[in-house]
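*Asks:* Residue strings, one per chain:
2 protein chains.
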Amino acid sequence: MKQTGEDALVARLRRSLRGRRPGVVAGIGDDCAAVEGPGRGLLLLKTDCVVEGRHFAPDDAAPAVGWKAACRAVSDLAACGGTPAHALVTCVVRPGQTKRWLDGVYRGLAKAGREFGFDVVGGELSRTDGPAVISVAMTGTVARRDFVRRSGGRPGDVLFVTGVLGGSLSSGWHLRFRPRLGEARWLVANFRVRAMMDVSDGLASDLPRLARAGRTGFVLDPASLPRRRGSTVAQALGDGEDFELLFAVAPRDADRLEKAWRKRWPEVRLTRIGHLAGAGTHEGLGRARGYDHFA
Amino acid sequence: MKQTGEDALVARLRRSLRGRRPGVVAGIGDDCAAVEGPGRGLLLLKTDCVVEGRHFAPDDAAPAVGWKAACRAVSDLAACGGTPAHALVTCVVRPGQTKRWLDGVYRGLAKAGREFGFDVVGGELSRTDGPAVISVAMTGTVARRDFVRRSGGRPGDVLFVTGVLGGSLSSGWHLRFRPRLGEARWLVANFRVRAMMDVSDGLASDLPRLARAGRTGFVLDPASLPRRRGSTVAQALGDGEDFELLFAVAPRDADRLEKAWRKRWPEVRLTRIGHLAGAGTHEGLGRARGYDHFA
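Here the protein sequences line up with chains A and B, keeping their order.
Residue numbering for the first sequence follows the numbering used here, starting at 12 and increasing by one per position.
Residue numbering for the second sequence follows the numbering used here, starting at 12 and increasing by one per position.
Bound-form chain A, shown alone (with noise of 0.2 angstroms):
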């Protein structure tokens, strides 16, 4: 399978960047990094960023521009099984932005925090030319036992998605969405979930990582995608800031978990995509292709 531009990248950096202390469970390459804690858990550690222009627009309501900075902190904290704790924040402003527009976005990221349960304890501000850009650091926990990687699948594994996918920029969505905290912590309590990541990138270029990640490939079913209404298969595949899950289990499991997660989360769809298969096999992408920051 051939690696994109960041994901390349993201491979060298693993490698020149190779741990020397100990303890380190998961990193570069992952959702989150995963260290151990002094205590019984892992300490998670995880940076995002949104950048004016790219992320959110000039006239994007600023809450809502410091409410998507943080939940994509939280997706990615969600992805690994864990529950957000605190958080740093460094806003990095541009001419023509009031402290009005930054009041607002802190309003965003404290009611994200008060929703998902972490504090805002510290942060930075700077000044740039260009476009905007906030950086959100957020650390998490997890206890070792719900904590899951991207790479844990195995062919045969049955694929799940959650919500709907496609045309989140187009909808708004990317700057309201609510990440899958509550449904990531009940898989993670209830079943084994072998692999799991959040679709950010599209499905297009994340579940090609999460089957790199185990190393095998897959079989996606593209009829079945759930798209949020409007979108086509291809935006489906390839629009990205989904936020969504994208999760692997084994076959005996995925039954009882659809039936589970009917009664659970009767609002939320829970969509079987496809499976893993063995390392040579991709199907069902065709030519689609997600996000890549460095294509």
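For the record, the hints were derived by calculation from the structure and aren't laboratory data.
One or more hints might be untrue.
Only some residues are given here: those of chain B computed to face chain A with a beta carbon under 8 angstroms [as the list claims (entries may be wrong)]: (1) Thr58; (2) Asp59; (3) Cys60; (4) Gly64; (5) Val103; (6) Asp130; (7) Glu135; (8) Thr139; (9) Gly141; (10) Gly241; (11) Val244; (12) Leu296.
Coverage of chain A stretches by chain B, computed from C-beta distances (three or more under 8 angstroms per stretch; other residues unrestricted) [claimed, not checked]: (13) 85-99; (14) 140-149; (15) 223-229; (16) 274-282.
Simulated DEER-style distance windows between Cβ atoms [to be verified]: (17) A/Pro106 to B/Arg298: 24 to 32 angstroms; (18) A/Ser235 to B/Ala154: 53 to 61 angstroms; (19) A/Ala72 to B/Arg283: 46 to 54 angstroms; (20) A/Arg273 to B/Glu47: 44 to 52 angstroms; (21) B/Gly241 to A/Arg125: 32 to 40 angstroms; (22) B/Asp140 to A/Trp276: 37 to 45 angstroms; (23) B/Gly241 to A/Gly64: 48 to 56 angstroms; (24) A/Pro106 to B/Arg283: 37 to 45 angstroms; (25) B/Asp140 to A/Glu269: 58 to 66 angstroms; (26) A/Asp70 to B/Gly107: 24 to 32 angstroms; (27) B/Asp140 to A/Lys122: 26 to 34 angstroms; (28) A/Gly64 to B/Ala234: 47 to 55 angstroms.
Virtual Cβ for every residue (Gly too), placed ideally from N, Cα, C.
Since the structure of chain A is already known, use the hints to place chain B on it.
*Replies:* Same frame as chain A, now just chain B:
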């Protein structure tokens, strides 16, 4: 003491984000956030960013940029008495910055990691059309008894500063400085340091912050300031990017500290620059001002 633009913004931020989680020992307004770890010590959290055209020039050597980005955060952890553990690095690059440039940045980050004992365990790559931004989020640890805040100073405490001040940008020091990690660890292990911070925005900005945090004033002796070769007093006060330690100890400890310092750190200057005073007193700054991102 009038709060400048950035400080006023930080104060507002602190109020708006007042924490709800238990165990936040220090938050917005200190050099680092400190939260109760699951073990005995404190977990320190710090984020710091460098912006192209402000903190580094487009033609600065990439490894030096990575080094600086990491060492700024190490300097803050040191100023709290802590030791760095893990780092997450967000690189937002612009068109024209090659993978080779990025590789260079990571080499600089990795070198700092080897020197100061932290691992880069994750991060993110993104793109901007404006100046590049490199944001480093770093965790650290500190024993509870070694943790130093900005706020512990009392009137009469003697003020010290390490190294020399001024001319950091023009001399290139800002790209090659070594954070005073060993010195700070030695200080907190051997002396009761009442208040400490690193001087990053210039003493004229940072000394009032240290004083304000402890609800004290200060008397600075400008003639005593240790200046980089070629720097004026005004530059030593206002240039910023010194990354030296500014700290306060009780008068009874000052002589013993100076003696022990000369023995342990013969190559690093340590200078008495004045003392803390009652809250109304702020002498010695004249009209000097340090750097304020939001003035």
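*Asks:* For each hint, tell me whether it holds in the structure or not.
*Replies:* The hints, checked one at a time:
| no. | hint | verdict |
| --- | --- | --- |
| 1 | Thr58 | 4 angstroms, holds |
| 2 | Asp59 | 6 angstroms, holds |
| 3 | Cys60 | 5 angstroms, holds |
| 4 | Gly64 | 7 angstroms, holds |
| 5 | Val103 | 6 angstroms, holds |
| 6 | Asp130 | 4 angstroms, holds |
| 7 | Glu135 | 6 angstroms, holds |
| 8 | Thr139 | 5 angstroms, holds |
| 9 | Gly141 | 1 angstroms, holds |
| 10 | Gly241 | 27 angstroms, violated |
| 11 | Val244 | 27 angstroms, violated |
| 12 | Leu296 | 23 angstroms, violated |
| 13 | 85-99 | holds (count 3) |
| 14 | 140-149 | holds (count 6) |
| 15 | 223-229 | violated (count 0) |
| 16 | 274-282 | violated (count 0) |
| 17 | A/Pro106 to B/Arg298: 24 to 32 angstroms | 26 angstroms, holds |
| 18 | A/Ser235 to B/Ala154: 53 to 61 angstroms | 54 angstroms, holds |
| 19 | A/Ala72 to B/Arg283: 46 to 54 angstroms | 52 angstroms, holds |
| 20 | A/Arg273 to B/Glu47: 44 to 52 angstroms | 40 angstroms, violated |
| 21 | B/Gly241 to A/Arg125: 32 to 40 angstroms | 52 angstroms, violated |
| 22 | B/Asp140 to A/Trp276: 37 to 45 angstroms | 40 angstroms, holds |
| 23 | B/Gly241 to A/Gly64: 48 to 56 angstroms | 41 angstroms, violated |
| 24 | A/Pro106 to B/Arg283: 37 to 45 angstroms | 41 angstroms, holds |
| 25 | B/Asp140 to A/Glu269: 58 to 66 angstroms | 44 angstroms, violated |
| 26 | A/Asp70 to B/Gly107: 24 to 32 angstroms | 28 angstroms, holds |
| 27 | B/Asp140 to A/Lys122: 26 to 34 angstroms | 29 angstroms, holds |
| 28 | A/Gly64 to B/Ala234: 47 to 55 angstroms | 50 angstroms, holds |
Consistency with the previously given hints fails for numbers 10, 11, 12, 15, 16, 20, 21, 23, 25, ordered from lowest to highest.
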